[in-house]
Structure formats: structure tokens, C-alpha cells
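Chains as they are written, first to last, in this note's numbering: chain R, 1 to 351; chain H, 1 to 418.
Worth flagging that the hints you see were computed from the coordinates, not collected in a lab.
All residues carry an ideal CB built from backbone N, CA and C; glycine is no exception.
Each hint should be verified, as a subset may be incorrect.
Examples of chain H residues lying across from chain R (beta carbon under 7 Å, computed) [unchecked claim]:
| no. | residue |
| --- | --- |
| 1 | L49 |
| 2 | K97 |
| 3 | L104 |
| 4 | R159 |
| 5 | L164 |
| 6 | T368 |
| 7 | E372 |
| 8 | P374 |
| 9 | A376 |
| 10 | L377 |
| 11 | C384 |
| 12 | Y388 |
In silico BS3-like links for lysine-lysine, alpha-carbon gap of 27 Å or less [to be verified]:
| no. | chain 1 | residue 1 | chain 2 | residue 2 |
| --- | --- | --- | --- | --- |
| 13 | R | K345 | H | K138 |
| 14 | R | K243 | R | K211 |
| 15 | R | K184 | H | K51 |
| 16 | R | K275 | R | K345 |
| 17 | R | K323 | R | K345 |
| 18 | H | K191 | H | K51 |
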Amino acid sequence: TQPLLTCPLKGNNLFLSQALFVFHSSHNDFALQLRILYQNRLSRVNLRELNLTHTNLVKLQAGYVGAQFWSVYVLCSAQNKDAVRLTLEQIDVVKRMCNSYEELELVMTSQGDSRRIACLIGIEGGHSIDSSLATLRMYYDLGVRYMTLTHSCNTPWSESSSKGMHNFYPSVTGLTAFGQEVVKEMNRLGMLIDLSHTSHSTVKAALNISKAPVIFSHSSAFSVCNHSRNVPDDILQELKRNKGIIMVTFNADVLACGRKVVNISTLADHFDHIKEIAGSESIGIGGDYDGVERFPEGLEDVSKYPSLIEELLRRGWNETELKGVLRENFLRVFREVENVRLKSKLNLESY
Amino acid sequence: MPGRSVWVLLVVLALALPSTGQQYLEEAERIMSSTPVIDGHNDLPWQLLNKFNNQLRLPEANLTVLNDTHTNIPKLRQGHVGAQFWSVYVPCETQNKDAVKRTLEQMDVVQRMCDLYPETFSCVTDPDGIELAFRSGKVASLMGVEGGHSIDSSLGVLRTLYRLGARYMTLTHSCNTPWADNWLVDTNDEKPVHHGLSPFGKIVVQEMNRLGMIVDLAHVSVDTMKAVLNISRAPIIFSHSSAYGICPHRRNVPDDVLRLVNSTGSLVMVNFYNNYVTCSNKAKLSDVADHMDYVKKVAGAKAVGFGGDYDGVTGLPTGLEDVSKYPALVAELLARNWTEEEVKGALAENLLRVFRQVERVKTDLQNTAPYESPIALEELEGSCRTNYGYSTDAGTAQRPSAALALALVLAPLLSVLY
Chain R
1 TQPLLTCPLK
11 GNNLFLSQAL
21 FVFHSSHNDF
31 ALQLRILYQN
41 RLSRVNLREL
51 NLTHTNLVKL
61 QAGYVGAQFW
71 SVYVLCSAQN
81 KDAVRLTLEQ
91 IDVVKRMCNS
101 YEELELVMTS
111 QGDSRRIACL
121 IGIEGGHSID
131 SSLATLRMYY
141 DLGVRYMTLT
151 HSCNTPWSES
161 SSKGMHNFYP
171 SVTGLTAFGQ
181 EVVKEMNRLG
191 MLIDLSHTSH
201 STVKAALNIS
211 KAPVIFSHSS
221 AFSVCNHSRN
231 VPDDILQELK
241 RNKGIIMVTF
251 NADVLACGRK
261 VVNISTLADH
271 FDHIKEIAGS
281 ESIGIGGDYD
291 GVERFPEGLE
301 DVSKYPSLIE
311 ELLRRGWNET
321 ELKGVLRENF
331 LRVFREVENV
341 RLKSKLNLES
351 Y
Chain H
1 MPGRSVWVLL
11 VVLALALPST
21 GQQYLEEAER
31 IMSSTPVIDG
41 HNDLPWQLLN
51 KFNNQLRLPE
61 ANLTVLNDTH
71 TNIPKLRQGH
81 VGAQFWSVYV
91 PCETQNKDAV
101 KRTLEQMDVV
111 QRMCDLYPET
121 FSCVTDPDGI
131 ELAFRSGKVA
141 SLMGVEGGHS
151 IDSSLGVLRT
161 LYRLGARYMT
171 LTHSCNTPWA
181 DNWLVDTNDE
191 KPVHHGLSPF
201 GKIVVQEMNR
211 LGMIVDLAHV
221 SVDTMKAVLN
231 ISRAPIIFSH
241 SSAYGICPHR
251 RNVPDDVLRL
261 VNSTGSLVMV
271 NFYNNYVTCS
281 NKAKLSDVAD
291 HMDYVKKVAG
301 AKAVGFGGDY
311 DGVTGLPTGL
321 EDVSKYPALV
331 AELLARNWTE
341 EEVKGALAEN
351 LLRVFRQVER
361 VKTDLQNTAP
371 YESPIALEEL
381 EGSCRTNYGY
391 STDAGTAQRP
401 SAALALALVL
411 APLLSVLY
């Protein structure tokens, strides 16, 4: 790889095109927008140029996004109703999308280095499995590679960080015994455990039992902004021991705690803080584009990722650290999760 | 003395007659060692759910010794079963409730069965896979969805079930779906609703053709049978139905439909359940052979197959009590002068032909885009669903401004998404 230019230019593409950075950006709710705006009818929309959303294929390429986890989120209000059906429909639309555009390629492993944007699938909220380990397994077979244990609602077996938004299972705290089985089964399958949106007790319970490193697919630093979606320092330290990753999110509301001005610097403060507590090897990028409304100035859509990198360079982050943030840290976690799956196969444990 | 030679003749005859029956059985075994039976429908997964809650590792669930089901591993071996479409049936009571999840759970138990008994079962999804399993001496295991209620009127769910390995879908079980009528509307018990297929039902069939999923017409009404046989681009199957001409039960296939089966190169896999064989609660093996003769006569030898419905029914004919008995039925066909080619057809070749043609149609349609229109919300029942993602005018053209308006309406919703 070629060395980065040390003086960041306005034309970001200049230096980025010389370096083989391939972004890994977890967590993008684009599939949800497809559902809401087009009822998943891909024939009615051109994904290259679509401008009703933060994401389109041209912007992804401009943002040097090399791999994207597409969230197959379904609303919490579908819990105990048609959550499973809706989740399968979202998985279907992502697969059709990745099949229909040659810029995209569906992948399910940490291997592979392609010119195309790798599509991966993540489930956002345990309510999607309707408390069924079989359903979890079928999602894995379909290519789902992470599950966020809760969204903004408790499941019968795990506690969310959101209080008062929904009224499901209010007495559940952390992980129940079944919740622990879910985590163990995810380890056995090789599915990444995502702890964004979960309560602190859920996080601690999961970190206790998981044999594999875990992720926060889109959360930021509680010390910098004490929002319930963010991760406090003690947990960041546990995450470092777990060798997991926190993919810092760009949602303006969780970055700035009510401050009016939210810009790239606000976001970079989170990066700096987490690096200090947990090391740069624990950091990734989890924008949350098309999942929320407000983004920092200068980071309005998926084409703006390079501006963040510029800012971090300005703050003295070096190439290795940035490569880690962009790609290597996530790959490390994903490979280790796959390793745990392999080891489990050899032990032939299963339900 | 004349008397003695008569005695000798009688003794010789007495010894010869049973050995003819024995000969046919030996012949059947010989044929089946290279052409084992592909059976269209077995409900063992439903038994596993009811008896063991799908916990395959329980000692009592051991399939090598399980003895109160029609199906277990030794019996499959004795019966020369080379391939089985395992039904991933979930009951009609789950319609509009948790049918989708329950179907996934049944698909999961079949896959785990293959994982747990790898020397016996080989989970496969295509004709080549079946033939490979034949050669390796394993039971090729495929999955059939039994009832359109399993997809909850969602083409996205249909596609994902295909991706998970389902290779046929019976369009209805014994209940209507929002888009197809079942056999009960041909009795006094129910009135027709769709008189076959609704417009969405036709799209389901077209999408199944595009995917390469075999359409199964067991359990559907006569109008549905005819509608499908008219529009399907690929041949279809009846995975477990018999001949109405012998036993006029509405689960069986009437003659005019049998003629359509013939003209479309389709297949009737004969059901062994007493009530569909003799229209009474008693039957014998030769009664089932009568059905196979009948289908052969009206629809042709290439339209016959085996669809026992083992472990899906109680009340099976004497001589066909469990899955070890197929060779006896084959022996009976041989005794009725079926040629070896016809017998092999019924055992396996007819199904393989249909399956290959279904896959050819899939290839022919590979440049067709997946069908995307959701069923109209008002066609769905039940309160166990959200209407999220449906426009209020599903099925009509969506102009951009309407889409924006929808987005604006939903914007407050988006704010709770983080």
C-alpha cells in the first residue's frame, strides 16, 4: 500500500485513491427505507441515483465504502406479531438488491477481496427470532452474520437500553437463562453478537458468557455524551479485554447531548476518547445512515466518510490505527468469531 | 398309477405357486437396489415435533430404534427408500399467527436430522443430489412445505424458504389461503372463495416456476388443480393423492384432471391412507396397486409415483403398515405385468423427470425479475400482523410525491429508531 499524504486536501479522493482502504461500515438502515418508500419493489427505484435516502450506490463508492452490513431491521411493534415474516422479507430485499447490481456482492465470510462492495446482512433486534433458536439458525443459513440482541424493546430474554418506548416484557433484566442460550448458540453458529441498543446489564451478561469477541455496531462514548445508547468507560475496558469492537456511530443526538453544533470534530472527540480507554484496535465505523435523521455537519451522507478520516489524521492518528478503524479491527473480530464456530464444530455441541 | 402323477402335479403346483410370489418380491428387491423409491410425502418431522418437541438428542428420539412411528432408519433401509420429501407441515391453526416461524422450525429439524445421522441421510436440493445419494447408499432428504399458509402471503418468504432448501410447496393444506381454495370447498363443509386461484395466487405459481420450486396440488380444490395446470409453465406433482375414479374422496384426483396430468407431463404420487384408497377405514396392499393401475391407465405410466403419507395418517393398508413395505407393493405391480421400465418410472424416474423439467423452466426464466407486488392488505385477515411497509393502495402505481408523503408521515417513527 502507498503511504498516506500527511497534509489532508480538500479533494479527499486524491489520497484515498492511492491507499487501498476498504471501508467496513456496519449498520445501515437502507433496507428499511426501501420498505417504507417502495414496499421492497426494487423495480421502481434506481439504487445508483436514488436521492430520497442517505445511501445510494454512487455515494457509497464516493465514500470508499468497501463493505456494508445492511440491517434487516423490523419495527419493535411487530414483536409477537409478524416479525419473522417481515425479517425474511427484509433479508429477501437485501439479497435481491445485491444480486441486481454489479457493484454489489453478497458475502458471508471474512474472506475475499473484491472490487465490488461486499454486502453482509445483520438483524437488528432479537424480536426477529421470536424466541426460536431454530429461526436463529435459519437466519444464519440465509447469510445473516450479526444480530443486535435488542432494539428499543425488551425481548422475553434480553433487556434493551430504551426505557418507556415500548411496553414489552418490562421485568426482564440483562439476559435470562434463555438469553444465555441465544448467546451460546450465536457463538456456536459463528454469528457476531451486537450489543448496541442493549442495556448495560445485558452487555455485561453477554461479555461474561461469550467465547467470541463481540461488537457494538453503532454506539459511541458515554463519557463524552451520556446517552443511554452509548458505552461507558468500564464496559469499554471489558470490551478491550474481550478483543471486541465498538463501531462509532454518527447519530448527532447521541454524539452531542443537546449541543447545537454537531460537526466532524464532535464525532472525532468520541474516537479520541475511546482510543484512550480501549485502544484504537477496539474501534470501527458504524454510521447509522438511513436509520436516523440528524448527522453532524460535514457528514450528511455515506459519501462523506473520508472527511472523518481527514480529521483523525489531523489529530495525529497514524496509518496503522486508521487501517484498523477502517477495516482490520472488524476483520479480526469476524475471523475470531468464525474460529469459534470451527472449534464448536469439532466439539459437536448443539441443541 | 394315474393317481400318483396327479399327486406329484399337485405337490409341484403347491411348491411353485408361493415361489412365484417370492420371485416377484425378489425381482422387486433387485430393481430397487439400483432404483430405490423416491417417496413424495412423509410426516416424520411432525412426529418429531409432537413426541420430542424437535429435541433429536433425547435418547428416546434415536431414529435407529424409535419404534412407534411408521418411519425409522432400519425400516427405511428395508424399504429401499432412496429419497424422501420430508413434509415441514405446520397446522392450519397457525395461519395468520406464527406459521412462518413454525415452518422454519420444521425445516430446522430436518436439517439437524441430516447432521445427526450423516451415514443415513443426505440433505439435498436437486435431482443430481438425489442420484448421488442413491449411489452412496444414503436416503436423499428433501423438504416439502405443506400448505401455502406457511408463507403468510409473502413472496419474500417464499423465496427465502426456497433458499433454505424447500423444493415443493403444497398450495393449501385443509384450509384456504388468502389466494387459493382447498379440497374442502368441493365438499359440503365449505364454500369456494377464490374458485381456484386469486390473481395473487397466480403470481405465487409464476414465482414458484421462476424459482424452480415444484408446485404440489395435493389438498387443493379441483378448480385450483385446473387453474394451476393451465398456467404453470412447469409440470406439477400431487405429492400424496390417489384416484377419485376408484375412491371418490375429494382428496383424490378426478379423471379430467388426470388427463391434464398426462398432457402436462405431471405426476401423481399415490397416497396409501385407507380413507383415500377404499373410502373406508380398511384397505389392503392390492387396493393401493389398483390406484396405481388406474392412474397408469388414465394418465399414463409416466404419471405414477409413490406418496405414502407415512406418519401423517393412522390407518394404513395391511401389507403396507410402515416404510419397510414398498418392495411388497412393487412386487404386486410386477405381478400385474408392469414392465421393469414402468416400475422404475414409478419408483424414481418419473419424479426425476419432473424435477429436471422444473429446473429447466427455472433456467429458461432466469432473466425474469422476481415478482415484487405484495398482496393487497385488505386480502389478509388476522390481527397478528402489522401493516408496516404497505401503502394504502398496494398494487397501484406509486408516484414519487406519494412516496414522499408516506415518508413524511413516517418520519416521527424514524426518530425512535436509534
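query = Was the hint right that A376/H lines chain R, CB cutoff 7 Å?
reply = With Cβ-Cβ at 11 Å, over 7 Å, it is violated.
message = Holds or violated: the hint that Y388/H contacts chain R, with Cβ atoms closer than 7 Å.
response = Status holds, d = 6 Å.
inquiry  = Take the shortest C-beta to C-beta distance between R159/H and chain R; is it under 7 Å?
reply    = holds (5 Å)
Pair hint outcome, K243/R versus K211/R [Cα-Cα no greater than 27 Å] = Satisfied, since the Cα-Cα distance of roughly 11 Å is no more than 27 Å.
request  = For the pair we were handed, K184/R and K51/H, check the Cα-Cα distance against 27 Å.
outcome  = Given pair K184/R, K51/H holds - Cα atoms ~26 Å apart, limit 27 Å.
task = So, L377/H near chain R? Judge it on the closest CB pair being under 7 Å.
result = Given a least distance of 10 Å, the restraint on L377/H is violated.
query = Does the CB of L164/H sit less than 7 Å away from some CB of chain R?
reply = With a closest approach of 6 Å, the L164/H hint holds.
Pairwise hint evaluation, K138/H against K345/R, where the allowed Cα distance is 27 Å at most = Holds. K345/R to K138/H sits at ~22 Å (cutoff 27 Å).
inquiry  = Given L49/H as an interface hint, is its Cβ closer than 7 Å to any Cβ of chain R?
reply    = Hint on L49/H: violated, closest Cβ of chain R at ~11 Å, above 7 Å.
Status of the P374/H interface restraint (C-beta, 7 Å, chain R) = holds (6 Å)
inquiry  = Tell me if the straight-line CA distance from K191/H to K51/H falls inside 27 Å.
reply    = Judged against 27 Å, a Cα distance of about 35 Å means the pair is violated.
query = Can C384/H be said to touch chain R, with a Cβ gap under 7 Å?
reply = Because about 5 Å separates C384/H from the closest Cβ in chain R, which is inside the 7 Å limit, the hint holds.
Hints 1, 2, 6, 9, 10, 16, 17, 18 from the list above are not met by this structure, while the remaining hints are.
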